[in-house]
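2 protein chains.
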Amino acid sequence: MEDFIIDRVDNITLLPPRSGPADTVAGLLSEISRIGTDQQHGGYWRPVFSTAEFDLRAWFLAHAAKRGLDVTTDRNGVIWAWWHTPDGRTGNAVVTGSHLDSVPGGGAFDGPLGVASALVAVDILRADGVRPERPLVIAVFPEEEGSRFGVACLGTRLLTGAIDVDRARTLRDRNGDTFAEVAARSGIDPSRLGPDPQMLAQIGTFIELHVEQGRDLIDRKQPVGIGSSILGHGRWRLSVTGQGNHAGTTLMTDRRDPMIAAAGIVMDIRDTARAHPGARATVGRLEPVPGGTNVIASRVDLWLDARHPDDEVTASVVTTILAHARRISAAEGCTVELTEESVSRTVDFDGALRDRLSLLLPDAPVQHTGAGHDAGILARFVPTAMLFVRNPTGVSHSPEEYVDDNDAEAGARALARVLADLLVRAG
Amino acid sequence: MEDFIIDRVDNITLLPPRSGPADTVAGLLSEISRIGTDQQHGGYWRPVFSTAEFDLRAWFLAHAAKRGLDVTTDRNGVIWAWWHTPDGRTGNAVVTGSHLDSVPGGGAFDGPLGVASALVAVDILRADGVRPERPLVIAVFPEEEGSRFGVACLGTRLLTGAIDVDRARTLRDRNGDTFAEVAARSGIDPSRLGPDPQMLAQIGTFIELHVEQGRDLIDRKQPVGIGSSILGHGRWRLSVTGQGNHAGTTLMTDRRDPMIAAAGIVMDIRDTARAHPGARATVGRLEPVPGGTNVIASRVDLWLDARHPDDEVTASVVTTILAHARRISAAEGCTVELTEESVSRTVDFDGALRDRLSLLLPDAPVQHTGAGHDAGILARFVPTAMLFVRNPTGVSHSPEEYVDDNDAEAGARALARVLADLLVRAG
Chain A
1 MEDFIIDRVD NITLLPPRSG PADTVAGLLS EISRIGTDQQ HGGYWRPVFS TAEFDLRAWF
61 LAHAAKRGLD VTTDRNGVIW AWWHTPDGRT GNAVVTGSHL DSVPGGGAFD GPLGVASALV
121 AVDILRADGV RPERPLVIAV FPEEEGSRFG VACLGTRLLT GAIDVDRART LRDRNGDTFA
181 EVAARSGIDP SRLGPDPQML AQIGTFIELH VEQGRDLIDR KQPVGIGSSI LGHGRWRLSV
241 TGQGNHAGTT LMTDRRDPMI AAAGIVMDIR DTARAHPGAR ATVGRLEPVP GGTNVIASRV
301 DLWLDARHPD DEVTASVVTT ILAHARRISA AEGCTVELTE ESVSRTVDFD GALRDRLSLL
361 LPDAPVQHTG AGHDAGILAR FVPTAMLFVR NPTGVSHSPE EYVDDNDAEA GARALARVLA
421 DLLVRAG
Chain B
1 MEDFIIDRVD NITLLPPRSG PADTVAGLLS EISRIGTDQQ HGGYWRPVFS TAEFDLRAWF
61 LAHAAKRGLD VTTDRNGVIW AWWHTPDGRT GNAVVTGSHL DSVPGGGAFD GPLGVASALV
121 AVDILRADGV RPERPLVIAV FPEEEGSRFG VACLGTRLLT GAIDVDRART LRDRNGDTFA
181 EVAARSGIDP SRLGPDPQML AQIGTFIELH VEQGRDLIDR KQPVGIGSSI LGHGRWRLSV
241 TGQGNHAGTT LMTDRRDPMI AAAGIVMDIR DTARAHPGAR ATVGRLEPVP GGTNVIASRV
301 DLWLDARHPD DEVTASVVTT ILAHARRISA AEGCTVELTE ESVSRTVDFD GALRDRLSLL
361 LPDAPVQHTG AGHDAGILAR FVPTAMLFVR NPTGVSHSPE EYVDDNDAEA GARALARVLA
421 DLLVRAG
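Residue numbers (the working numbering), protein chains in the order written: chain A, 1 to 427; chain B, 1 to 427.
These aren't lab readings, by the way, just hints derived from the structure by calculation. Idealized CB from N, CA, C, for every residue including glycine. Keep in mind that the hints are not guaranteed to be accurate.
Unchecked claim - Across the chosen pairs, the derived CB separations fall in these ranges:
1. A:E312 - B:D177: 17 to 25 Å
2. A:E312 - B:L251: 15 to 23 Å
3. A:G351 - B:T253: 28 to 36 Å
4. A:N175 - B:A323: 33 to 41 Å
5. A:N175 - B:A331: 57 to 65 Å
6. B:T253 - A:G187: 23 to 31 Å
7. B:D164 - A:D189: 49 to 57 Å
8. A:T51 - B:I218: 50 to 58 Å
Stated by the list, open to error - Residues of chain B clear of chain A, computed beta-carbon distances all greater than 10 Å:
9. H41
10. D177
11. P197
12. T282
13. L322
Turn these sequences into a full structure, and let the hints guide you.
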């Protein structure tokens with residue numbers, strides 16, 4: 001499992017070990033508040049395998065070392081920090097953690113909150129004298145957002161075999177570099193990417209703590225919630241091809257402008273989503289090619305994010321959008337192609353585990369979420385649960401995303417309570 | 001006038017000097033056919049002050065040196081290559097030339113054709129034994145396309161004072177670098193940018209040869225045309241601001257999505273242009289911020305290119321578009337701001353000069369063009385004319401742009417004929 005250890009520790013100022021006051025979630029996050037700030041969009045941009053994400057990995061490794069955790073980074077770039085049982089038993093591990101990468105213009109909590117809370121939860125368990133009967137592992141998964149290579153939860157998809165490894169290797173970032181090329185530059189052997197059944201078999205339970213991406217906990221006046229399901233969702237690329245030409249010399253009537261068709265498709269996507277109650281469909285990324293001000297585009301690529309609790313409705317939404325897109329494009333003398341980039345079916349988390357968490361956290365409401373998570377991938381393989389922490393703005397994937405310090409500590413305590421129960425009772 | 005000489009000559013293979021066969025336009029262009037190719041969009045991307053554009057400058061400098069021309073690069077980054085009169089008279093110079101920068105995904109001829117034709121025209125004049133009574137100068141202007149810093153014809157605007165120099169210094173490229181910063185890295189002193197009345201006073205006549213950006217010469221079955229006017233045109237940036245949020249967790253009804261408003265504006269721009277006969281309006285560049293697939297954009301910037309022979313109609317088109325954009329944005333809970341990036345009024349070239357060219361080139365039709373050129377800026381200060389060379393695809397700002405070898409030579413011969421007449425008759 002162990003392939004390499006990233007040992008960069010520049011830019012990190014750790015709080016004093018042991019002798020000083022205990023780490024808080026807010027304190028841990030303040031240590032990384034200057035890493036990967038996004039000057040262009042505000043907030044943070046921490047793409048996987050960027051300098052910023054490596055600095056965050058180094059910060060995590062330093063904190064894992066401070067706690068005496070046994071750290072490996074596996075052949076897919078997942079970090080695993082082990083707190084072994086006193087008698088060295090393996091298997092049936094309780095895994096918790098999240099990710100450190102962010103979307104462009106993202107907030108400070110989506111990902112790092114789950115990692116920092118896991119570190120603090122370990123401190124709480126130790127302060128409480130918990131002696132684990134199962135190993136506890138903190139995991140950090142790469143490319144959860146899919147904001148660099150276009151496939152969300154790429155780390156857990158590779159780990160579990162939920163993505164074809166040849167396809168993963170050839171995914172390209174916006175610079176045109178493949179995942180294999182970037183991985184190789186990051187110390188990962190691209191030939192060894194892919195399913196890791198031995199590691200997967202070690203995991204008995206997975207718990208992911210995450211900032212809430214909605215307003216439910218605000219309305220319910222609760223700091224922490226328990227996840228019940230993740231809406232099915234996916235990403236599709238629509239490429240509209242027309243005729244590139246000069247913006248000044250080409251008469252309006254002589255044009256086959258894919259930007260016009262793309263605009264019609266964007267409007268139709270919203271209308272189609274509205275016609276399917278509970279559906280969400282979004283175009284957040286759109287790229288005209290070549291993208292010059294005085295150039296009629298030859299092609300426009302746009303990305304559709306579509307979600308619905310019922311996977312058949314999601315499929316129907318996409319089918320409808322494609323049919324409409326073809327008609328809209330044809331009317332402009334353009335053509336359109338649809339490419340599925342990633343699809344996740346609706347995931348219901350393990351019912352027994354969810355009920356166990358509800359007993360432990362009786363005030364925490366049970367919620368479903370529209371956002372994808374690594375927990376959604378792992379839930380197909382191991383009993384999985386999620387905890388959500390209140391976001392007072394209700395806004396996410398934005399610099400406005402926020403978690404109050406008290407809520408962050410409440411989240412870490414809730415996580416510690418759940419972990420303690422899992423570690424010392426029969427799993 | 002002389003500030004620095006760029007002397008990079010990497011990547012250039014010159015044809016053998018003197019002893020070999022004469023340079024042809026096609027031969028000259030073949031020497032630079034591998035410089036600045038655009039792997040992403042096809043064709044070429046040669047932004048001003050990029051490695052590619054510097055390589056093209058080096059190629060030009062080498063050819064100017066081969067012809068014994070006296071070269072200076074002025075404080076605005078314009079290259080001037082002088083063929084002095086035998087008796088060293090100055091002033092009243094005949095200037096010809098064009099630009100070497102291209103749009104992204106541009107063709108091989110837009111710009112370089114005028115430069116290569118000027119070099120061949122000098123060869124023809126010398127082979128014909130012409131002894132100039134006025135200096136002949138080949139000029140290469142930077143950032144004609146405005147594809148890096150957003151203002152077309154930036155070199156001639158600086159030279160003539162048609163742009164405020166403080167504004168020019170703070171123009172930013174897509175990396176966020178200012179024109180001043182990039183100029184400084186390119187060996188240009190940003191504090192010395194700006195109007196150059198002494199150089200401008202040297203110019204008696206300006207002739208720009210350019211690939212046709214339309215189908216007129218195809219229809220007329222002529223290789224060469226004479227320009228009569230340039231349509232007024234301008235660029236405006238529309239910034240639509242809404243509320244960034246998570247694409248999965250935000251209900252369709254809770255959104256203030258600027259992408260929806262932007263799509264409505266794109267459609268309206270086309271409709272508004274169609275409602276004004278003769279108008280052209282284009283959105284070729286559109287950038288959602290932050291641009292993540294699973295992120296509702298917080299802002300969308302889109303660029304409007306609008307043109308009409310009557311400047312008042314252009315102004316009316318833009319006013320109408322802004323009024324509609326406000327209404328469309330408000331309906332989505334968004335706001336919109338319009339920023340004028342550059343505006344050029346309709347330019348009628350010097351009538352006497354145009355008639356003189358028509359006498360010299362009796363088969364060449366007189367044409368107007370929808371494309372902006374440095375000739376359009378200089379025409380306000382000195383008698384100016386343009387020659388156009390047939391483009392058999394009619395497509396421009398695209399890899400499909402093309403000029404047949406025979407037409408290219410016909411263009412250079414036409415240019416030489418015009419230059420000979422200007423050089424030896426009273427200007």
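These are the hints, each one checked on the structure:
1. A:E312 - B:D177: 17 to 25 Å: 50 Å, violated
2. A:E312 - B:L251: 15 to 23 Å: 20 Å, holds
3. A:G351 - B:T253: 28 to 36 Å: Cβ of A:G351 to Cβ of B:T253: about 31 Å, so the range 28 to 36 Å holds.
4. A:N175 - B:A323: 33 to 41 Å: 40 Å, holds
5. A:N175 - B:A331: 57 to 65 Å: 37 Å, violated
6. B:T253 - A:G187: 23 to 31 Å: 46 Å, violated
7. B:D164 - A:D189: 49 to 57 Å: At 55 Å between Cβs, range holds.
8. A:T51 - B:I218: 50 to 58 Å: 52 Å, holds
9. H41: B:H41 is in fact no farther than 10 Å from some Cβ atom of chain A, at 4 Å.
10. D177: With a cut-off of 10 Å, B:D177 remains clear of chain A, as the shortest Cβ separation is near 13 Å.
11. P197: 29 Å, holds
12. T282: 4 Å, violated
13. L322: 17 Å, holds
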